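We have chain A already, so just place chain B on it with the hints.
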Amino acid sequence: MTLEITTARHDPALLDLPWSVPLEDWPESTLAALPRGISRHVVRFVRLGTRVIAIKEIKADLADREYAMLRNLRKLEIPSVEPFGVVHGRTDADGNPLDACLITRHLQFSLPYRALYSQSLRPDTAVRLMDALALLLVRLHLEGFWWGDVSLSNTLFRRDAGAFAAYLVDAETGELHSRLSNGQREHDLDIAQVNIAGELMDLDAGGFLEDQADPFEVAASIIERYHTLWDAVTGSERFEAGDRWRVEERIRKLNELGFDVDELSMSTDIGGTEIVITPKVVDAGHHSRRLLRLTGLDVGENQARRLLNDLDAYAAATDRQNDEEAIVAHDWLSNIYEPVTRAVPRELRSRLEPAEIFHEVLEHRWYMSERAGHDIPIFDALADYVATVLPAKPEEQAVLGVDTAEMPVISRID
Amino acid sequence: MATVTFDNATRQYPGNPKPSVDKLNIEIADGEFLVLVGPSGCGKSTSLRMLAGLEEVNGGRILIGDRDVTNLSPKDRDVAMVFQNYALYPHMSVADNMGFALKIAGVDKAEIRKRVEEAAKILDLTPYLDRKPKALSGGQRQRVAMGRAIVRSPQVFLMDEPLSNLDAKLRVQTRTQIASLQRRLGVTTVYVTHDQVEAMTMGDRVAVLKDGILQQCDSPRRMYDHPANVFVAGFIGSPAMNLMDVPVTDGGVDLHGHTVPVAREDLTNAGKHVTLGVRPEDLELSSDTSGIPVTVDVVEELGADAYIYGTAEQKLLEATGENAGDVPFIARVDGRRPPEKGEKIYLKPKPGHVHVFNAESGLRIGD
Chain A
3 MTLEITTARH DPALLDLPWS VPLEDWPEST LAALPRGISR HVVRFVRLGT
53 RVIAIKEIKA DLADREYAML RNLRKLEIPS VEPFGVVHGR TDADGNPLDA
103 CLITRHLQFS LPYRALYSQS LRPDTAVRLM DALALLLVRL HLEGFWWGDV
153 SLSNTLFRRD AGAFAAYLVD AETGELHSRL SNGQREHDLD IAQVNIAGEL
203 MDLDAGGFLE DQADPFEVAA SIIERYHTLW DAVTGSERFE AGDRWRVEER
253 IRKLNELGFD VDELSMSTDI GGTEIVITPK VVDAGHHSRR LLRLTGLDVG
303 ENQARRLLND LDAYAAATDR QNDEEAIVAH DWLSNIYEPV TRAVPRELRS
353 RLEPAEIFHE VLEHRWYMSE RAGHDIPIFD ALADYVATVL PAKPEEQAVL
403 GVDTAEMPVI SRID
Chain B
2 MATVTFDNAT RQYPGNPKPS VDKLNIEIAD GEFLVLVGPS GCGKSTSLRM
52 LAGLEEVNGG RILIGDRDVT NLSPKDRDVA MVFQNYALYP HMSVADNMGF
102 ALKIAGVDKA EIRKRVEEAA KILDLTPYLD RKPKALSGGQ RQRVAMGRAI
152 VRSPQVFLMD EPLSNLDAKL RVQTRTQIAS LQRRLGVTTV YVTHDQVEAM
202 TMGDRVAVLK DGILQQCDSP RRMYDHPANV FVAGFIGSPA MNLMDVPVTD
252 GGVDLHGHTV PVAREDLTNA GKHVTLGVRP EDLELSSDTS GIPVTVDVVE
302 ELGADAYIYG TAEQKLLEAT GENAGDVPFI ARVDGRRPPE KGEKIYLKPK
352 PGHVHVFNAE SGLRIGD
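For the protein sequence lines, the chains are A and B, in the order given. Residues 3 to 416 in the numbering used here are what the first sequence lists, from first letter to last. Residues 2 to 368 in the numbering used here are what the second sequence lists, from first letter to last.
The reader is advised that the hints may include incorrect statements.
Pair ranges (Cβ atoms, derived) [unchecked claim]:
(1) B:Pro18 x A:Lys61: 52 to 62 Å
(2) A:Ser180 x B:Gly60: 48 to 58 Å
(3) B:Asp131 x A:Asp66: 39 to 49 Å
(4) B:Asp131 x A:Lys61: 26 to 36 Å
(5) B:Asn270 x A:Ile225: 51 to 61 Å
(6) A:Leu178 x B:Pro18: 39 to 49 Å
Coverage of chain A stretches by chain B, computed from C-beta distances (three or more under 8 Å per stretch; other residues unrestricted) [what the hints assert, rightly or not]:
(7) 187-201
(8) 216-229
Computed cross-link-like contacts, BS3-like style, restricted to lysine-lysine with a CA-CA straight-line distance of at most 30 Å [stated by the list, open to error]:
(9) A:Lys282 x B:Lys76
(10) A:Lys61 x B:Lys110
(11) A:Lys255 x A:Lys77
(12) B:Lys211 x A:Lys61
(13) B:Lys170 x B:Lys211
(14) B:Lys115 x B:Lys104
(15) A:Lys282 x B:Lys19
(16) B:Lys273 x B:Lys342
(17) B:Lys110 x B:Lys133
(18) B:Lys170 x B:Lys133
(19) B:Lys135 x B:Lys170
(20) B:Lys115 x B:Lys76
(21) B:Lys135 x B:Lys104
(22) B:Lys133 x A:Lys61
(23) B:Lys135 x A:Lys61
(24) B:Lys24 x B:Lys76
(25) B:Lys104 x B:Lys133
(26) B:Lys76 x B:Lys110
Calculated from the structure, these hints are not laboratory results. These numbers were taken from a predicted model, which means no experiment stands behind them. Ideal Cβ placement from N, Cα and C applies to all residues, glycine included.
This is chain A alone, in the form it adopts within the complex (with noise of 0.2 Å):
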């Protein structure tokens, strides 16, 4: 058999990597971090380059399929790691044949739930996981991905002005449907539920759950905050035919929510005298999107919330709510954003996302300005925030690690 490594991107750095020994045997010096606990499947960091890559070894044809489907995901703009490669024909040195790897890239500044929770946490930590978990898999069943293994595991967090957003990392059981069935759907609750509950209580068992959330009500909590914001995005609402603010109302709160409604469906009664409204396509990424449109800048939901209201209030203390706004938008990206984030010291710059960076600036100044009684210039809070706050900070650039807790079951027999 000859090695075949086919990938989005040409990397002949990947030819380097020693693909005919078993990825459990790869040299230390080979891989970004030492794996941690025990996973399904084998897994381990490689640093190719200035990148860092993820190797999961499995067998060829759940290879293919796991990396048409993260391609699928991306098309699809679901938040997801991104597909790198798959590596076939590999034999070891006795020319016996060794399972596939397929390749995906360290998504940077994301952190594993484990991660979260051996630091020193919020107390609100779990919840806020779990409205990002919620929200991704909102997002991925509207898409009709039915995903088959909801895990905290399976996930991992990005920070988002506060809040976190949750990104698709193991796709292997996944199924894309043109449509799911309430069934489909809720078996992946029941199956996120059941996870969720025996990963905390894991973390429990193991010491590492300081937050004194009991791990069957936080696991619960996923249904209800799924089901929540499920009928905000598809629920049809009825009204009298005099109440059509109604209809802008809507799209108004699923705005607030982050989605953009690309399709509504309006129906009348026979008599014309009640009207029903069902959003029919959706898109997540409201905020998001417009920030990109306006600035080119690629953040995530929440920061991009945050950088809009302060794009906004720009706008108003320069008293140019009238101009343009792509105008207005540009001069506070080359005044405020990028001076902002560019006053960061490089050697602090692997701390946290520079958007992430700007939301927390914002954050100081505005507690700077409570406890002053009056305004602070966001330069003055920026000194102070670098100065105080950032360098307590854990670098979170690559926090990297082979997370899953879990272990083979029906992968080997003795």
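Chain B in isolation, oriented as in the chain A frame:
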């Protein structure tokens, strides 16, 4: 525990011209191990998911026991999908790993412990209940995962290609384990596979599907000996049954001068030719040049036996005047005196070991 009934159950996806599962009728007995098998796209997984509540049922109904579950949500059906990527948690004891999900269902502590202990006894895990999964062997870990499904004591176990991730050797071991465990538990089980060998070795009964339509549901033995149609005849058995078109003559069918007797009444409506099926092991070498002429391409020697892979000439079909052409042919012969590659041999079916099918409908003729 309960029976399961598919009653004209139909699933048609929006936009598809044909149903993916078309009026499926199967009655599964209490405690039975039923295997749904068929080629990719035959509707076997869809059928299982209809039973699980994951696919909407567009027509007909599904019953568990006497209860119509057609419109119930998955968790109200009292079924358990086994082997859904069960993870074991390293810091929790084996007992907690098996029982924690019951807590979500609101089962009290004493009852959880009782069920876990019962399951551990069946799975030979009793001495390990208070240990961590790390201390277990791979096989024991797998049994813990099975335990997670068992403690739920569902009415029905559902398994969708649970062995597809395993290599060939592990698949054989695990399939034996699953089958023997199911027999000890006596829980009604529906199992989906594309592998007919898996289906034949595990199931009390096997249901073969093709294009959404049930072809036959029978015990493995009956399925092998009495395939209901040409599709089942070709799908069940490895190597596959030989199938060829042959002319009908007085008192039977004609194989190049060798008459295979078939009851006259069975052939009344069959037309001028029929499809004849013979399993590779049901053939013997002819002493003369009557019988099916086969040119040997490959001889696979297995010691006691040898398999011959060759090409058979089909007889000119007098009815239509067209030559039906050559077909691939497989025969098992005595391993001590196998023919040689390139040789032309003549084969006859052993008396009573032929299957006759209507050439038009493909349905079995006679018993």
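Consistency of the hints with the structure:
Between B:Pro18 and A:Lys61 the beta carbons are some 34 Å apart, a value that contradicts the proposed interval 52 to 62 Å. As the Cβ distance of A:Ser180 to B:Gly60 is approximately 20 Å, the hint placing it in 48 to 58 Å is violated. Range check, B:Asp131 to A:Asp66: about 42 Å between beta-carbon atoms, so the 39 to 49 Å window is met. Distance hint check for B:Asp131 and A:Lys61: the Cβ-Cβ separation is about 35 Å, which falls inside the suggested range of 26 to 36 Å.
A C-beta distance of roughly 60 Å is found between B:Asn270 and A:Ile225, which places it inside the suggested range of 51 to 61 Å. Roughly 21 Å separates the CB atoms of A:Leu178 and B:Pro18, a value that falls outside the hinted 39 to 49 Å. Counting residues of the region 187-201 of chain A whose beta carbon lies closer than 8 Å to any beta carbon of chain B gives 10, which reaches the threshold of three, so the coverage claim holds. Residues of the region 216-229 of chain A lying with their CB closer than 8 Å to a CB of chain B number 3, which satisfies the three-residue condition for coverage.
Of the pairs offered as hints, the one joining A:Lys282 and B:Lys76 holds, with about 28 Å between alpha carbons and a cut-off of 30 Å not exceeded. Note on A:Lys61 and B:Lys110: the hinted pairing is violated, with a Cα-Cα distance of about 40 Å set against a maximum of 30 Å. A distance of roughly 26 Å separates the Cα atoms of A:Lys255 and A:Lys77; the hinted pair therefore holds under the 30 Å criterion. Simply put, B:Lys211 and A:Lys61 have alpha-carbon atoms about 27 Å apart, close enough for the 30 Å limit, and the pair holds.
Simply put, B:Lys170 and B:Lys211 have alpha-carbon atoms about 28 Å apart, close enough for the 30 Å limit, and the pair holds. As the CA atoms of B:Lys115 and B:Lys104 are separated by approximately 13 Å, the hinted pair is consistent with the 30 Å bound. Taking the CA atoms of A:Lys282 and B:Lys19, the gap is about 26 Å. The hint holds against a cut of 30 Å. With a C-alpha separation of about 34 Å, the suggested pair B:Lys273 and B:Lys342 falls outside the 30 Å cut-off, and the hint is violated.
Taking the CA atoms of B:Lys110 and B:Lys133, the gap is about 20 Å. The hint holds against a cut of 30 Å. For the proposed pair B:Lys170 and B:Lys133, the alpha carbon gap of about 27 Å is at most 30 Å, so the pair holds. Distance hint between B:Lys135 and B:Lys170 is fulfilled; the C-alpha atoms sit about 24 Å from each other, no more than 30 Å. This hinted pair checks out: B:Lys115 and B:Lys76 have alpha carbons roughly 22 Å apart, not beyond 30 Å.
Annotation: proposed proximity of B:Lys135 to B:Lys104 holds, straight-line Cα distance about 23 Å (limit 30 Å). Proximity of B:Lys133 to A:Lys61 is assessed by CA-CA distance (about 28 Å); at most 30 Å being required, the pair is judged to hold. For the hint pairing B:Lys135 with A:Lys61, the CA-to-CA distance comes to about 24 Å; that is within 30 Å, so the pair holds. A hinted pair counts as satisfied when its Cα atoms are at most 30 Å apart, and B:Lys24 with B:Lys76 qualifies at roughly 25 Å.
Restraint check for B:Lys104 and B:Lys133: satisfied, since their Cα atoms lie roughly 19 Å apart, inside the 30 Å limit. For the hint linking B:Lys76 to B:Lys110, the alpha-carbon distance of about 21 Å falls within 30 Å, and the restraint holds.
Comparing the model with each numbered hint stated earlier shows that hints 1, 2, 6, 10 and 16 do not hold.
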